[in-house]
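Protein chains in written order, with numbering that gives the first Met the number 0: chain A, 0 to 308; chain B, 0 to 257.
Hints are computed from structural coordinates only; laboratory data are not their basis.
Glycine included, each C-beta is placed from N, C-alpha and C at the ideal position.
Please note that the accuracy of each hint is not assured.
Covered by chain A, per the in silico footprint, the following chain B stretches (three or more residues, Cβ under 8 Å) [said to hold, decoys possible]:
1. 77-91
2. 95-108
If you anchor each label on the Cβ, the simulated ranges turn out as follows [claimed, not checked]:
3. B:G167 x A:L261: 24 to 34 Å
4. B:V73 x A:R270: 28 to 38 Å
5. A:R49 x B:D207: 44 to 54 Å
6. A:S209 x B:R203: 58 to 68 Å
7. B:A235 x A:D50: 47 to 57 Å
8. A:G277 x B:V73: 25 to 35 Å
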Amino acid sequence: MPTNAETKLMTMHGAIARYVPSGSMILMGAQLEQMIPFAAGHELIRQGRRDLTLVGPVSDMLFDQMIGAGCVSRVMAAWVGNVSAGVGYCFRRAVEQGIPRRIDVVDYSNFTMALALHAAAMGAPFMPTYSALGSDLLKRNGNLREFPSPVNEDKLIAVRALRPDVAILHVQRADSEGNAHIWGSLGVAVDGARAARKVIVVAEEIVEHSVIASDPNRTLVPGFLVAAVVHEPRGAHPSPVQGYYGRDHAFFLEYHDKTRALEDFEGWLARWVLNVSGRLEYMNQVGSSRAESLVVKEHAFSAAADFGY
Amino acid sequence: MSAPVPHEGEVASRGYTLKELMVISAAREINDGELVFVGMRLPMEAFLVARRTHAPRAIGLFENGVMRETPPAVPLHTMGDPSNIHGAIQCGQMLEVMSLLQQGRVDVGLLGTGEVDRFGNLNAMWGHRNNEMRRLPGSGGSCDIVCLARRTVVLVPHDRDRLRERVGHITSPGYGAGNGWRRARGLPVNTGPSVIITDLGVLRFGPDGEAYLAAVHPGVSVEVVLSNTGWTLRVADELVETIPPSKQELAALRQVVP
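Take these sequences, add in the hints, and give me the full structure.
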């Protein structure tokens, strides 16, 4: 079937260069602690992006890294830190001391962040909820507004639709058109893909369209929403990808230790992001035995679903 | 100047630490078969202890959309660990677990917090540490859970920095200023914090929404609790001593700590 001549398959460098300019609002970490697009985030840092707005419900250390690298002017999130260790030191330095630069933090709760993306995905101006009534989140987040319910006597919060410029989603497999299968921790990925103006899919594997078409219930991102597809195995390390590799817990703890002091973070950034050309070199630095120890050995395939007719 | 907290070693001679008793006490707040929204770290440990002891049919809901009836095969560092996905009842979207909360179907929320105050309001935004204000990671699901779960169990270490007269930021509204504040804000009926569990004791809430000391842990005096609390803490007429951990509870906890 003829489609436009340009393929959606791109390198990470190419996809970031083309679709994510400085000033973009980017959804990353839609799947919370799984499938965090670290490779994409590191490429954004290497390409010197500035004034980014990062959007995500619970952002594990990727947001912290990008904030520390000076790429970020605003964060819209419910939680920013290092999930298994606690504080994100770069986030804290930026908010408390403006190091390396001041950032604006728009604080949500998980539910209100999910609703903001859901509203955009629905094409609606807002979603109503009872959550956050009475919370001081309302005082500083203008996207959460109390209003009287039009159908009963209740008070409600209107959560304004949030439309990121780009959603970067790491997935297990996709075809060259961007139709993507995702399984594991879904978080806000499904709504996020629809809320964003453009989607970049980063896949562990590129497969034939027939593979994707064999399980349309598992296609959580249809290709017609996708601008670019990047084949980047291990692109989510140190976060896990169900069925492919586990979480490198030690890497998160090491980051926590190595970023408490500013000079140490700068050394970490040079070693793992700036002086590395891409994910291949990064994984070489991780080392083959460490990488191999994370690879899934005991497979657990799902029961087959018969789509015959 | 607060009175000294019993040295951990003194209590450990009994075979457990006060931190372990805190987690076990939280586990005891879950009833069998309940739908429980589980926060990260210590709440997760408490939930897994409950499941392994008196609440084997409690169902765990996690913010990433995971719903579990059985414990994960490998102890969890995060709710996104692949062992938490494997064997789950369902791995849905975040909205699928959040909507259960909003429907009023979630019996218990299990949370940690940066700070909590006299009326059970939680602050996850800015914490006082050594006279400095530190930016904390933020609400996560805390605000949603405290607003919408039928009961919320809060775990927090007991000191004056964390238990304050009034929190500076009401991230997750408890009983506000007491006396009908919650209802006036429009929060659903039959929701709100039920208990604050610390490493010194257990605080419950009176009908006016103010916390009171309901139990002290073994080896801890009431004076120590009061002097480590940032307001004049009311004490229950029928103050009890927390039941020490059973062998089963302790074994369960030590199995689930990553």
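Check each numbered hint against the structure and report the violated ones by number, ascending.
none
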